[in-house]
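Protein sequence lines, in the order shown, are assigned to chains A and B.
Each step along the first sequence adds one to the number in the numbering used here, with nothing skipped, and position 25 is 14.
Each step along the second sequence adds one to the number in the numbering used here, with nothing skipped, and position 50 is 526.
Keep in mind that a hint or two might mislead.
Heads up, incomplete: computed chain A residues facing chain B, CB under 8 Å, no partners named [unchecked claim]: (1) Gly31; (2) His34; (3) Tyr87; (4) Gly90.
It should be emphasised that the hints constitute simulated quantities derived from the structure, not laboratory data.
Since the model is a prediction, treat every value here as computed from it, not as a measurement.
Backbone N, C-alpha and C define an ideal beta-carbon position, used for all residues, glycine too.
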Amino acid sequence: SQQGEEDPQALSIQEGENATMNCSYKTSINNLQWYRQNSGRGLVHLILIRSNEREKHSGRLRVTLDTSKKSSSLLITASRAADTASYFCATETGTYKYIFGTGTRLKVLA
Amino acid sequence: NAGVMQNPRHLVRRRGQEARLRCSPMKGHSHVYWYRQLPEEGLKFMVYLQKENIIDESGMPKERFSAEFPKEGPSILRIQQVVRGDSAAYFCASSPPRAGSYEQYFGPGTRLTVT
Chain A
-10 SQQGEEDPQA LSIQEGENAT MNCSYKTSIN NLQWYRQNSG RGLVHLILIR SNEREKHSGR
50 LRVTLDTSKK SSSLLITASR AADTASYFCA TETGTYKYIF GTGTRLKVLA
Chain B
477 NAGVMQNPRH LVRRRGQEAR LRCSPMKGHS HVYWYRQLPE EGLKFMVYLQ KENIIDESGM
537 PKERFSAEFP KEGPSILRIQ QVVRGDSAAY FCASSPPRAG SYEQYFGPGT RLTVT
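Start from the sequences, fold in the hints, and give me the full structure.
Written out as structure tokens, the structure reads:
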């Protein structure tokens, strides 16, 4: 089964609301990254958080990491229609094989 | 500092043709990784290369797929005699030669469509 599992699989919110998506993983990690992928497009790197960090911010994005629960969350505040995309977490477990989850499909309604 | 470059961004091939996907790593990066993303799925590891060496190809299909990373030039993922099931997005990532660290930086991907 996948190391990274995003939850929920799909999320639909109104513009201006906050969106929270979660990623759980099974084995210990060195770092975890969040990516955005617009439909039919490539990956856009959002944030990298290392295993010794608990929280990082970048603009409207806030990522937390709880290594004791083996989980991470991505919060997008004041969402916009342009945030509509799929969001993936990817874990680096000490080998070079990054493991991606199946993603959360976010839809922001104008 | 340009990021990981991939070309072409979109590639259409008929069944039985060959597909060549190129990846130029970030400057100073000597490690390259290829991943495949099937529709509605996450990325899956295919192969890890260093200059002139294949380190791990455990994620590559046994037949028709090959990868190289020559001393000069980009890394190439080659798919011979493509079939419809090869239609996917192929992503390349690179990392610097830093011991103990595998931070990877991903390119925009090549979307292969087999008709």
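Each hint, compared with the structure:
no., hint, result
1, Gly31, "holds (3 Å)"
2, His34, "holds (7 Å)"
3, Tyr87, "holds (6 Å)"
4, Gly90, "holds (5 Å)"
Comparing the model with each earlier hint shows no violations; every hint is respected.
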